[in-house]
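Which chain is which? The protein sequence lines are A and B, in order. Here our numbering runs 1087 ahead of the position in the first sequence, where the first position is 1. Here our numbering runs 162 ahead of the position in the second sequence, where the first position is 1.
These are calculated hints, taken from the structure and not from any lab test. These numbers come from a predicted model, not from an experiment. Each hint should be verified, as a subset may be incorrect.
Covered, in the sense of this in silico footprint (three residues per stretch, anywhere, with C-beta under 8 angstroms from a C-beta of chain B), are these stretches of chain A [unchecked claim]:
(1) 1158-1169
(2) 1229-1236
(3) 1337-1351
(4) 1375-1386
(5) 1394-1400
All C-beta atoms in this analysis are idealised placements derived from N, C-alpha and C, irrespective of residue type, glycine included.
Each chain, letter by letter, is given below.
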Amino acid sequence: MSMLRGVNALRRINALRAGRLAYVGALILATAWLIVFPLYSHNIYWQGILFFSFLLAVMASGWNIISGWAGYISLGQSAFMGLGAYTTALLTLHLHRTPWLFVPVGGVLAAAVAALLGVVIMRTRGHSFVIITIAFLLILQLLALNLRGFTGGSTGLTMPITTFPRDWQYAPFYYVMLGLLLLAIAMSWAIRRTKFGTGLIAIREDEDKAGGVGINAPVYKVLAFAASAVLIGVAGGVYAYFITFVDYRGMFSIQYAVLIVLAALLGGRGTIMGPVLGAFAVQILQDQANQHFGSSQANIVVYGAVMAGVVLFLPRGLVPSVAEWARTYVARREEGLSGAIDLRPSAVPAVRDSEPGPVLLEVKGLTKTFGGLRAVDDLSFSVREGTITGLIGPNGSGKTTAFNLIDGMMRNEGGEVWLAGEQVDRLPPWSRAHAGLGRTFQITRLFREMTVLENVVAPLRDFRWRQLFADAVAGHEAERAEELLEFVGMRRFRDAQAAALSYGQQKLVELAQVLMLDPKVILLDEPAGGINPTLIERLVEKIRELNAMGKTFLIVEHNMPLVADLCDPVIVLARGTRIAEGTPAEIQRDPLVLDAYLGEGWAVEEAVGA
Amino acid sequence: MTGFVQTLVNGLLLGGVYALAASGLTLVFGVMNVINVAHGAMLILAAYLTYTIWSHTGIDPILSILITTPIMFGFGWLLYRVAIRRLAGTAASMSVLLTFAIALMIEGSLGLVYQGTFKSVTPSYFDTSMQVGPIYVTTARLYACATALVIIVCLFLVLTKTWVGRAIRASAQNPQVARLVGIDVKAVAAFAFALGVATTGAGGSLISVLYPFLPASHYQWISRLLGVIVLGGMGSLPGAVIGALAIGVGETMTTAYISPSWQTAVPYVVIFVVLLVRPQGILGRRTRQDIVTA
Chain A
1088 MSMLRGVNAL RRINALRAGR LAYVGALILA TAWLIVFPLY SHNIYWQGIL
1138 FFSFLLAVMA SGWNIISGWA GYISLGQSAF MGLGAYTTAL LTLHLHRTPW
1188 LFVPVGGVLA AAVAALLGVV IMRTRGHSFV IITIAFLLIL QLLALNLRGF
1238 TGGSTGLTMP ITTFPRDWQY APFYYVMLGL LLLAIAMSWA IRRTKFGTGL
1288 IAIREDEDKA GGVGINAPVY KVLAFAASAV LIGVAGGVYA YFITFVDYRG
1338 MFSIQYAVLI VLAALLGGRG TIMGPVLGAF AVQILQDQAN QHFGSSQANI
1388 VVYGAVMAGV VLFLPRGLVP SVAEWARTYV ARREEGLSGA IDLRPSAVPA
1438 VRDSEPGPVL LEVKGLTKTF GGLRAVDDLS FSVREGTITG LIGPNGSGKT
1488 TAFNLIDGMM RNEGGEVWLA GEQVDRLPPW SRAHAGLGRT FQITRLFREM
1538 TVLENVVAPL RDFRWRQLFA DAVAGHEAER AEELLEFVGM RRFRDAQAAA
1588 LSYGQQKLVE LAQVLMLDPK VILLDEPAGG INPTLIERLV EKIRELNAMG
1638 KTFLIVEHNM PLVADLCDPV IVLARGTRIA EGTPAEIQRD PLVLDAYLGE
1688 GWAVEEAVGA
Chain B
163 MTGFVQTLVN GLLLGGVYAL AASGLTLVFG VMNVINVAHG AMLILAAYLT
213 YTIWSHTGID PILSILITTP IMFGFGWLLY RVAIRRLAGT AASMSVLLTF
263 AIALMIEGSL GLVYQGTFKS VTPSYFDTSM QVGPIYVTTA RLYACATALV
313 IIVCLFLVLT KTWVGRAIRA SAQNPQVARL VGIDVKAVAA FAFALGVATT
363 GAGGSLISVL YPFLPASHYQ WISRLLGVIV LGGMGSLPGA VIGALAIGVG
413 ETMTTAYISP SWQTAVPYVV IFVVLLVRPQ GILGRRTRQD IVTA
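The following block holds chain B by itself, in its conformation from the complex (with noise of 0.2 angstroms):
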């Protein structure tokens, strides 16, 4: 039983990670409907450039939250200045298609700069734990999660509460309206986009501590974060956490009851039945697509 709750503990605070790693990923979908396949390669230039600050200055990689989201948040918006402002219009292949180039070209990039070989930040927390009752749990995990679902929230907040984030749902919504109650549509996407970027920046200093990671490790994680928004629902913010949550804990319970070489199968077969049985998942919502929006 401890070896149980041990277990979904483990998964819980992974699934916090994955839950702002996956944040952007669902905004951006949710604002522009497009999605962003480059996500886990900015997830992974993060993390490069997590380990870059650490390895120099020995600041800590969770602190340097605070310099890799503005970096990233710009990152973004020139993305979109350059690149995906000029798929308005086209076909959602052609977004798929050129956000997959854009990974390809960071894979490349961090592989020119750092090599094709495992990387990992190692603060002195990253191998203590705490115990709690007869549950350990990893100093890093804790951290990383804690600032996950505080950022999380802030990210929540700033969506619901702010006018900047009623004019991104408004505009998700109906672009047409929103630009007739004075909303600047696409100063608006720029920013969403950005934002979007700007979470693989937190995203990535918490992924360095808890993995190692080389440039090719975005396929792993771009696919485990669509299976977080499929399984949470596509372009739900809430929807992402519990999807992260549900393949954080499978991940854990497939390596302690399975075998940890199936580890990696879990975001594919959660992919596969979601999209099969439920294909809006769980928060997701049908929505009438028949309306003409010329």
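For reference, chain A alone in the conformation it holds in the complex (with noise of 0.2 angstroms):
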């Protein structure tokens, strides 16, 4: 069975690799291809057509970085398209040497535009963020159109005319273009496997999730902005120089504002190579619907049609769509993943330390306020070192609330919360998770696209600009990636879908990424909540052990029995504020706390009585 088992997964295995190989393979024909077609055929159409597929597909390829990766839609790319040729032409016109010479500045300038608008507009998301990338792109068309003197207004600039020999036709441009366009795919191909890439993911699936697992989102944000700009800005120097006309409408372009997010998205975003081929599919389409229609307004017809197809029926584009076809194909032929968990005894001791350390997390006076409400009201309390402090409350006594403003979810309105003896509570959340905070959630919070693995080694434990560039998945991180997930039972399940997982199993990958933080303190929201009774035992069982290695715990949780076993000391909220604190014992006998859960309906006897 096991061995059936093997070999199938071996099959699997080979039938991928064969069909990634051919992939491969059909992708380095195509550019040898490409590379010679001017040297053997002097079909100056085809070369213009190529040429407008090259230039297409690099911006293609840019968008995709913010948009598909980060998942901030951009609708105004081509602004850095414009921005690359009115630097090239401005440059030329002023300087009187050749455009080649300035076609780099165009795209360092792209860069610097987009980083400097990221920094500006990154506290926006969603919805605020397209809105401005289309106006950024008419305010920029506005002022190529305003700015006479600068511009040339409405006539535009006139660019000189190329000095090389006329039967090398359009070549010099098409080289260029093309290595342009695998520079772009090489920086993509970089910046999917690096700790920047995972953590543009990370960002697009669950901003807030990974600035609470250390992922400093602004920079990374500015930054993706900035990439996406820079060979934009380079292909609108090369762009302009080919057309030598730069306008406002043509350059500010809102067609290839258009076309870009055409590309990407029947191509598939959020690949290194879909945006790329769907440049291809597109200019090709393009072209035929200009020699079907003859109308630049059928085009925009066309246009619309394609996209809103791809939106509604193909919404994850073709390469991704083919890739997970030959998937389920392959996998069809192999027994469906095993749902069963490794429960077997774990090696460590559960030995709990009687002696509680010093104050590790110190919350002082603590307040925040939705409307009217005053959902945690000047609450006070500490965590000691090394105890499984719990945190209990009836329904909406502020427990989650609290763990929101601790870890930086929310800004508290009043009082500190202090951290091994750091005061933290102004910190983002990503800086309170390098100081040592950890937190899980009550309705687990992967990423849902990445695999398990890629989840659990997307924390990071501070910033470095050089851990950019470092590979998402390798070496050490790695490695101790796969020890917590055999830690938590999770390791055969390291290459599926986050999605995949049941919520039980979501719960311990979540504890999982938790703790490739290294965290001292670990705030687990309703650990139990939800899951069967044997997951339960494992975690319990797990959160002792880790107890034991010396991680201190808080935890929010109904399971009152759960908490009488586990917990000590236990803090009970209500209406916001601390009522109460001791050990179990001492709680389940406390007069206030009856109270305040028999003043909210709750069975005491049931809940408590255990």
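Now that you have both chains on their own, put them together as the hints suggest.
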């Protein structure tokens, strides 16, 4: 049985590997053909179509970095083409040198403007970002039109004629743009396999959660925006030289903004080759549409129809859909993944340190209101090192809000949070994670599109610039992640997609993910909520082991027998403030606690009685 | 001073029309959390409808609201049934891309039918004006603004005083609970979207008298209207009115005291400044984002 599975798995891996090999081989052949094409064919028409395909592919690849990976949709990405084009044109006209010299300057300027815009607008999310990108493109169009003395206004700027021999045809432009495209693909590939790339995907999947596991989202987003603009800026300069004419509508082009989105969407956003292949498809589609309808208006209808069709019926795009189809086709010949969990007793004895250590986490006078409601009201408590502290209270008593204030998901209005002698309540979530705070959620928040292993290696214990360029899954970290997965009994699922796991399994992976931060204090929000008794047992065992190894816990939980069994001390919240604290036995006898629960309509005998 | 008041009055009159044009955009956002990027294109579509009706039958463009509004309501309802409802449960970015695609299809179709040249609707009163004290008021602007305000008040009353209005707001705030208390959330969403699009019928008819338009004008309109609802607070109808008046005045002031060529910059600048300084806008509320409605 297990041997059969092994053979099947091997066959499956071989089939997938063969498929991937064929894909890569086809791409290499295609590249080779593109390189020799102008040498044997003097078909200037096709040289032109391919040049425009390269241009669009470079831009769609750039768009993919900010919109495909980081998930921030830009509807004005052609703004960077315009910036590059105007930069190259203006420098050429004023300095009277060959435009090739200034093409890179356009790229640098585009990246700088993108970074600056990024710094300014990165507080905005979702819809606001989209609106700003449209506004940004249109405002640049308006500037190019109105700053007549500088940009030539509506007449635009005319570039010098090329000086190379006529029989070279488009070859110089062709090769430069092809080179840019290869560079863009290399850049995408490099980004995807580094911490930077996985960080961007984490941001797309769940930006708050990404902050909670130590990812400095603003820096990542600004860099992604700059990276998405740089090659578009260079390509803009080349494009300007190619068509020898720069005007506000052609360069800060709404049509190109549309085509970029269409290409990336059609090919598959969030993949390396999707936007590139999509660009070729869109360019050829455009050419066909031109030949059949011969009107730009008809083209616009076609773009709209294709875009709507892709959004509605092929939302992930061609490349991921084909890959998915290949995977399921291969997987069908193999048995399904086993859902069983390894339940071997653990080797580490569960010994408990009876002497509580010094105060590790301290909350003083914490306050948060929502409208008129004081969700957390002058809340103070402390968690001593080495304890498993319980935090209980009726529904709506402010437990989860307290967690959100401690880990920085929300800003407190008053009070302080201290962690290991450092005040952290003004720090952003990722800095608190770096300072030693880890947190799981009431409803698990894994990065759903990533694999289990990618989820566990995603957390970052600090922020360093070099780290951005480190391999995402490699070396010591990957080993440690596998150890942690082993520890929670989820190692065999390392390559499964997080979204495919059961709820209880997700809770275990989330615990492993948090442990990757090597936190001093771990906040668990209802760890036992909604999972089966066997898994609860396992979870309790793991918490005990970790505690024995020196980890401190603060646990919100409604399962009172579990709290009584695991936690000491227990802090009781009601109406946003602490009403009692003590051992489980003391808490169960406290009249204030009984009152708080009874007041909320709780059956205390059943809940606390055990 | 008279010049200033004159400019102010012109701006407020325009702002009234902008408010109507933006009302559907903010309504749809408030109810469905969808930015209908095609809203501008729908306005232009309605303007062309008005143009066709007027040039063929001579029916007054403001009166033709009675025809364009039901047509656009039907268009919105159809669009919801065919496309928008399929968005339920997908990422917000998908709704932006889908409505963007719809905008392109409308733009291209209008271009095929009417060609890409400027059109305008010119009833007898379009270049007349009235004198009130020292102030001149363009007749068309006055009629358009008055009509717009009447329609906005009706819309506001529908949303606050009728059962269907309460159902719309309930579905917007908490679809799960709305379903529990017996509201057919899907039907309400379809109605709300159609109602939002229906406002472009009236808005487009009024715009057709005030501005020349071509298919690609929708980019300028959607930017202007986004500026309006961003400033007023996205999802708020009174906010849209305030935002619209402010942008209307901003545009006429810019034209009068800076230069007409910078007039179109006003909404863009507003968008940047508001999203940076007060992202929730004037009347928008910051809501709790932490409650999971699973």
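Which of the stated hints cannot be reconciled with the structure, identified by number in ascending sequence? none
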